Each structure stands twice: as structure tokens, then as C-alpha cells.
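Participant: Start from the sequences, fold in the hints, and give me the full structure.
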Amino acid sequence: MASKVIMPKLSPTMEEGQIARWLKKEGDKVSMGEPLAEIDTDKATMEMQALANGVLRKILINEGESAPLGQLIAVIGDPGEDIASVLSEAAAPKPAAAPAPKAASEPAPKPAEEPPPPPSPSPAVATNGRKAGTTDSGRMIVSPLAARMAAHSGLDLRSIQGSGPNGRIIKRDIEAVLSKPKAATVAVGTPSGYRDEPATQIRQTIAKRLVTSIGPVPHFFLTVDIEMDRAAEMRQNIKALDPDLKISVNDIIIKCAAVALIQHPQVNASFQEKFIRYYEHADIGVAVAIDDGLITPVIRGADQKSLSQIAGEVRELAERARGKKLKPEEYTGATFSISNLGMFGIDEFTAVINPPEGAILAVGAMTAKPVVRDNEVVVRQMMRVTMSCDHRVIDGATGAKFLQTFKKILENPLYLVV
Amino acid sequence: MPTLTIREALNQAIREEIIRDERVFIMGEEVAAYDGAYKVTRGLLHDFGDKRVIDTPITELGFAGLGVGAAMVGLRPIVEFMTFNFSILATDQIINSAAKMLYMSGGQFNVPIVFRGPGGSAFQVSSQHSQALESWYAYFPGLKVVMPSTPADAKGLLKSAIRDDDPVVFIEQERMYGNKGEVPDDPDFTIPLGVADVKREGTDCTIVARSLMVPVALKAAEQLQEQGVSCEVIDPRTIRPLDIDTIIESVKKTNRVVLAEESHPICSVNAEISHEIMQFAFDYLDAPVKRVSGADVPMPYAKNLEQAAVPDVEKIIAAVREVAYLD
Chain G
1 MASKVIMPKL
11 SPTMEEGQIA
21 RWLKKEGDKV
31 SMGEPLAEID
41 TDKATMEMQA
51 LANGVLRKIL
61 INEGESAPLG
71 QLIAVIGDPG
81 EDIASVLSEA
91 AAPKPAAAPA
101 PKAASEPAPK
111 PAEEPPPPPS
121 PSPAVATNGR
131 KAGTTDSGRM
141 IVSPLAARMA
151 AHSGLDLRSI
161 QGSGPNGRII
171 KRDIEAVLSK
181 PKAATVAVGT
191 PSGYRDEPAT
201 QIRQTIAKRL
211 VTSIGPVPHF
221 FLTVDIEMDR
231 AAEMRQNIKA
241 LDPDLKISVN
251 DIIIKCAAVA
261 LIQHPQVNAS
271 FQEKFIRYYE
281 HADIGVAVAI
291 DDGLITPVIR
301 GADQKSLSQI
311 AGEVRELAER
321 ARGKKLKPEE
331 YTGATFSISN
341 LGMFGIDEFT
351 AVINPPEGAI
361 LAVGAMTAKP
371 VVRDNEVVVR
381 QMMRVTMSCD
391 HRVIDGATGA
401 KFLQTFKKIL
411 ENPLYLVV
Chain X
419 MPTLTIREAL
429 NQAIREEIIR
439 DERVFIMGEE
449 VAAYDGAYKV
459 TRGLLHDFGD
469 KRVIDTPITE
479 LGFAGLGVGA
489 AMVGLRPIVE
499 FMTFNFSILA
509 TDQIINSAAK
519 MLYMSGGQFN
529 VPIVFRGPGG
539 SAFQVSSQHS
549 QALESWYAYF
559 PGLKVVMPST
569 PADAKGLLKS
579 AIRDDDPVVF
589 IEQERMYGNK
599 GEVPDDPDFT
609 IPLGVADVKR
619 EGTDCTIVAR
629 SLMVPVALKA
639 AEQLQEQGVS
649 CEVIDPRTIR
659 PLDIDTIIES
669 VKKTNRVVLA
679 EESHPICSVN
689 AEISHEIMQF
699 AFDYLDAPVK
709 RVSGADVPMP
719 YAKNLEQAAV
729 PDVEKIIAAV
739 REVAYLD
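Protein chains in written order, with this note's numbering: chain G, 1 to 418; chain X, 419 to 745.
If you are wondering where the hints come from, they were derived from the structure by calculation, not from laboratory data.
Keep in mind that this is a model prediction, so the values were computed, not measured.
Warning: the hint list may mix true and false statements.
As the list claims (entries may be wrong) - Calculated Cβ distances over 12 Å to all of chain G for the following chain X residues: (1) Y557; (2) I684; (3) E690; (4) A713.
Said to hold, decoys possible - Pulled a few chain X residues facing chain G out of the computed Cβ check, cut under 10 Å: (5) D583; (6) D584; (7) Y595; (8) G596; (9) N673; (10) R674; (11) F698; (12) A699; (13) L703; (14) A705; (15) E740; (16) Y743.
No residue lacks a Cβ here, since even glycine has one placed at the ideal position from N, Cα and C.
Facilitator: Written out as C-alpha cells, the structure is:
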């Protein structure tokens with residue numbers, strides 16, 4: 001029986017995918033779970049697995065071409081099997097209700113290769129790469145034990161292929177994931193816990209008024225100068241201690257921000273219309289420039305991690321970000337972000353908040369400047385940071401108090417250990 | 419420790435309790451002069467006389483009622499049903515009198531009686547004589563229901579049942595009377611009611627089995643071990659009160675359960691156990707609870723059909739392999 005291969009949903013925001021590379025060619029044998037193609041999503045290049053056994057009979061979308069979610073992109077079947085009916089179904093006219101594929105920016109595809117999505121391809125299930133048996137309802141099938149084990153270990157069930165009946169995810173599937181070498185998952189942690197508190201009327205009114213005035217996320221900006229001599233000195237001292245410990249100033253900034261956020265939960269928060277979500281940990285998004293844009297890998301629970309852990313994770317995540325190898329759970333769900341353009345010589349800038357986060361810190365370059373200390377002009381390493389705040393959740397004074405704490409810790413990094 | 423058959427172990431229990439407590443007596447069809455239809459009461463009439471070992475007419479409702487009355491006025495009767503199939507005639511006395519008397523008399527009348535005899539399948543005695551009735555009796559508050567699977571359990575549990583102040587339905591298995599095992603000869607040896615026994619320890623799958631299904635489950639577990647699957651076999655021994663804690667503890671360890679029983683599947687004891695596992699160990703299950711039951715038909719007379727109607731080693735192995743996701 002011929003199986004359809006459809007464009008799967010490989011990232012939370014993906015609407016269409018581009019075939020980067022077919023890993024099999026027509027006529028090749030494929031088995032379930034084997035990598036079939038590499039697909040460029042809006043965020044990363046992801047591997048797509050075969051969901052059936054047989055022979056790759058027909059490739060409908062060539063390398064470099066795009067297809068919307070759910071579109072037929074290939075057919076797997078037995079050798080010699082008649083797949084004409086599957087192909088003609090693919091070429092059938094588009095039902096009126098089908099969402100229009102976002103193909104405006106793509107080269108106009110040939111009609112036969114731009115069919116409508118099949119009748120009920122559930123994107124959620126397509127993501128899961130599960131057997132056809134589970135696709136009808138779009139529901140994930142997980143044994144109670146496996147669900148509990150995954151929650152306990154912070155695993156995303158959507159990334160796991162079930163081996164039980166109907167693709168049920170069972171204990172051994174979780175154990176298989178957990179026993180894999182940790183190398184690729186070093187940065188994956190459990191997203192921060194949180195508590196939701198109802199947004200008061202005044203909060204909702206403030207939110208409404210501000211949004212009317214300035215846009216959906218009403219930003220305001222707070223700027224402060226920070227003396228970085230001690231932080232820089234600390235970094236040198238760590239280096240002297242052990243040349244293998246490569247800690248950057250940015251790593252110290254991440255750690256100080258995380259510690260300050262825990263002291264100011266109002267800033268480690270997110271506006272959710274009817275309520276405000278306060279996070280228990282500081283999951284810090286770190287903006288990383290990549291070839292065609294930027295992405296913010298997340299350091300989970302940075303408040304609880306050591307500087308060397310943070311440094312290692314930032315390095316590893318940034319490297320994979322540049323290789324477009326980040327998994328969705330590695331670049332979503334931060335509670336606060338930091339963008340540093342210091343290395344480009346930028347003294348000061350404002351960053352745009354990544355909703356639903358409540359704030360982002362824009363960090364400028366560290367430069368030697370004359371400043372007045374005890375009525376004398378002295379030279380200090382100064383750095384200017386500007387925090388963009390979502391005014392719906394953070395008020396001026398709240399943000400200012402956070403920056404005060406942040407400045408205090410960064411200027412006296414010994415606070416990190418006391 | 420002496421090796422006895424279940425038949426001998428039961429005989430020893432009755433004998434010891436008749437000696438120990440002058441209020442204890444046994445009555446039923448053929449229990450005295452004929453030494454019992456299954457020879458459980460062998461020698462008792464000879465040793466204790468016809469005040470303690472009493473033959474009754476073929477009137478189950480009558481002598482069951484006689485027993486309930488005797489128990490209410492302070493004796494401790496053991497009522498033998500030649501098989502539990504005949505207890506059906508006595509259910510009014512068992513259910514409406516024995517089970518409810520303590521409650522309806524506001525605690526004035528205990529009914530310390532044991533109703534015992536063989537139940538379950540036998541060898542080609544057909545529909546009316548091959549029935550597992552434990553779920554009937556376990557249904558009623560006021561009754562305790564016990565089903566032993568080894569000679570030691572048979573002795574220890576029957577002694578506890580005789581000493582218990584409440585009515586106990588004690589169901590033996592006709593096919594198992596000749597099964598042998600070591601039995602303590604200490605007259606104070608008893609096994610408390612309401613305590614399950616782990617008959618075999620294992621890590622991959624829990625098999626809950628009682629009565630005839632215990633040796634079958636143990637044999638299945640042995641063969642499964644050779645296939646690399648380690649099974650834990652739990653014998654609840656008492657159906658009511660049920661020691662669900664021991665079962666839950668095991669399920670939390672193995673994450674998979676097979677429930678084996680001779681009964682028909684609908685409204686059986688294992689339907690209840692399945693529910694309790696779902697309630698108390700839901701988050702520990704890696705597969706749905708699997709039941710292996712007797713066929714949902716009156717017991718056929720034909721030998722091949724009778725064999726097909728009773729759970730066997732192969733059916734239990736198949737069930738374990740299914741919940742362990744091995745096939």
C-alpha cells in the first residue's frame with residue numbers, strides 16, 4: 001500500500017518547508033524511522049524521517065523547492081505498485097476551505113506539484129513523525145508511565161517516536177532517549193516553572209491604553225552605565241586559575257542578570273492578557289547572529305548554573321545555532337533575553353522584546369572612559385546597558401530597581417558567591 | 419517440614435481446630451461416614467465422633483441455615499459444600515443471613531462460620547459442576563472470601579478462617595487436592611486473612627493469579643524467564659479483604675500487569691483488581707492491564723473444548739509478551 005510523505009511541521013512557527021536535500025533518491029529502499037530528507041524550516045535545518053517501509057517511488061518536491069505544511073512531497077510504496085491514484089489525488093483541485101499555501105515568495109510551482117494538503121493531515125502529528133495509526137485524531141499516544149518519565153526528565157514527547165501499538169510512546173522509548181549520549185542535549189533543560197496571577201483591572205487598563213498608543217508590546221527603555229573593572233578582573237583571575245576555563249564578560253552578564261531576575265520576579269514575568277505569569281527560574285535567551293538573521297538559544301535555569309556551565313552552554317548552543325542545528329525547544333520559551341552588540345563596537349542601542357518575554361537587555365561595548373570618583377577624574381571600564389521593558393507588566397520603577405540590583409552585582413561580582 | 423497434599427493439609431487444619439476449640443464442628447453431605455466426597459474429612463468421624471462430624475441430608479439451604487443459627491448462638495461451624503456449585507442453593511443463608519446478621523443485629527450477633535468446598539473447573543463435569551463463583555461472594559459486604567493455592571496456604575488460611583469471628587467463604591480447587599507441598603506442623607501455624615503472597619519475584623511484569631492459576635502462572639513465569647522476561651507472581655490468597663497494596667507495590671516496580679483467573683471475564687474479581695490498579699497505579703502503567711480469563715461460555719463437556727475454555731500457560735505467556743511489547 002503506497003504511503004504519502006507530507007511536509008511535516010518541524011518547528012512551532014513553521015508554515016512551509018524547503019527541501020534542503022533528499023537523503024534518498026527515487027528507487028531507494030527506505031525503512032520506517034530512516035532519515036529521508038533535510039528540510040529548512042524558518043528556524044533550522046531538520047531531518048525528516050520516513051514513516052513507512054518500502055521504496056521511495058516518487059519525489060514531488062525537488063531540492064531547493066518549498067511546500068506548505070501537509071503537502072504531498074513524495075510517495076513510498078512497493079516496487080511496481082501502481083501509485084497513480086495517490087499521485088492523482090495529490091493533483092486534485094484544492095478544496096475551498098484549505099488554507100492558501102504561502103508560496104508568494106517562492107518560484108511558481110508546476111500545478112501538479114502544488115496540490116492541496118491531503119484531507120486531514122494533522123500538523124501536530126506530522127511533527128511527531130509517528131505511524132499512520134495515530135494521525136487520524138492528531139492525538140499523541142503515550143503510556144501513563146512514559147508520560148510521567150518524560151515530564152520528570154524534561155523530555156519533549158513530541159521529539160520521541162513511539163514503538164508501541166499505534167505508535168504509543170512507552171517506557172523503553174523514554175529509556176532509549178535518556179540513555180543516548182548527552183552531547184547534543186547538553187543545553188536542553190526543563191523550562192522554568194511559573195505561577196500565574198490574575199492581572200488586576202488597573203494592570204489591564206494600563207495595558208489597553210499603552211497598546212493603543214504604541215503597538216501590541218508597549219516598550220519603554222531604561223539605560224544605565226556600569227563600571228566593569230571588577231567583572232573584567234574576575235574574568236582575568238578565573239583565566240589565571242585555569243586557562244581551560246573560558247569565561248566571557250557576556251557569560252558574567254548572563255549570570256548577573258539571572259541572579260538579579262530572581263530577586264526581582266516582577267521583571268522575570270510575562271503579560272498574558274488576563275493574568276501575569278511569574279517564572280520561578282531565569283531562562284535567559286542569548287541573541288546569536290546567524291547568516292540570515294538571528295536566533296536566541298536559551299540557557300535554562302541560568303540562576304542556578306555556574307559560570308563555567310553557562311559559558312559552556314552558550315558556546316555550544318551558539319555554534320549549533322550558526323550551523324542551524326538547534327532544536328525548537330532550545331530556542332523557545334526564554335523568560336528574559338540579552339542582546340550584546342559590544343563586539344561590534346556599539347556603545348548603546350535598544351533591543352526589541354521577543355514576546356511573550358517581559359524585557360530584553362541591550363548590552364553595549366565595554367570601553368575605558370574618564371569618570372569622576374571621589375572628586376577625581378579616573379579611568380574606568382564602562383559599559384552601557386539599555387533594558388527594553390514591556391510596560392504592560394513592568395513599570396518604570398520596577399525596571400529601575402532591577403537594573404540597580406543588576407548593576408550592583410555586576411560591579412561587585414563577589415555578590416554572585418555571597 | 420512434612421510434605422502434604424492440599425487435601426491432607428485441609429484435614430490437618432480441621433483436625434487441629436476441632437482439638438483446639440470445643441465449639442468447632444463440621445457438617446455437610448458425606449463428610450462423616452464416607453470420609454468426604456473428596457476425602458478432606460478422612461478419619462475425622464472416627465477420631466472425634468458424630469457430635470463434631472455430622473452427615474447432613476442433601477439440603478444445602480437447610481444445613482447452611484442450621485450452621486448460621488449454630489454460629490449465632492456461639493458455636494463455630496464448618497459447613498462443607500460437596501462442591502461450591504451446590505452452594506448456589508444455599509445463597510439465601512450465606513448472603514441474607516450470614517453476611518448481614520452482624521450488621522442487622524446492630525453488632526449483637528457475630529456469625530463465625532466457614533463455608534468451604536471445591537470450586538472452579540474440574541475434569542469433564544460440564545457446565546453445572548465447573549463454576550468459579552468467588553466474584554459472587556466477594557460482592558457482598560459481610561463475607562470474607564479465601565482461595566488457597568498451596569498446601570501450606572490451605573492449612574494456615576483455613577485455621578485463620580475457622581478462628582475468624584465473621585463468615586468466611588473458603589473456596590478450594592478440585593483439581594488441586596492432590597498438589598503437594600511442605601506444610602508446617604506447628605498447631606499454632608496460621609496465615610492471616612487479607613495478606614497477599616509473592617509467589618515469585620520478578621521485575622518486568624506482574625502476574626496476579628489465585629487458586630488453580632497460581633501453578634499455571636508460575637510455569638508461565640519459568641518459561642518467560644528463559645525468553646528473558648522476569649515475572650513477579652502474586653497470589654492475593656484472600657479475595658475479600660483484598661491486599662491491593664502488595665499488588666500496587668509490584669506494579670509500581672514492573673509497570674505491566676497480567677491478571678489470570680478461571681472465572682468468566684464479565685464482572686469478575688479481576689475486573690475489580692484491574693480497576694484498583696488503574697486507580698492507584700495509573701501513572702506507573704506502561705501498558706493497559708491485560709486479563710486472561712475463562713471463556714465466556716458455560717463450561718463445555720468435550721475435553722478439547724474444556725481445555726480451550728480454561729486459561730493455560732500459553733495464554734498467560736502470550737498476554738505477558740503483549741504487555742511487555744515483545745510481539
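Participant: Looking back at the numbered hints, which does the structure fail to meet, lowest number first?
Facilitator: Checked against the structure, the hints that fail are numbers 5, 6, 7, 8 and 11, while the rest are satisfied.
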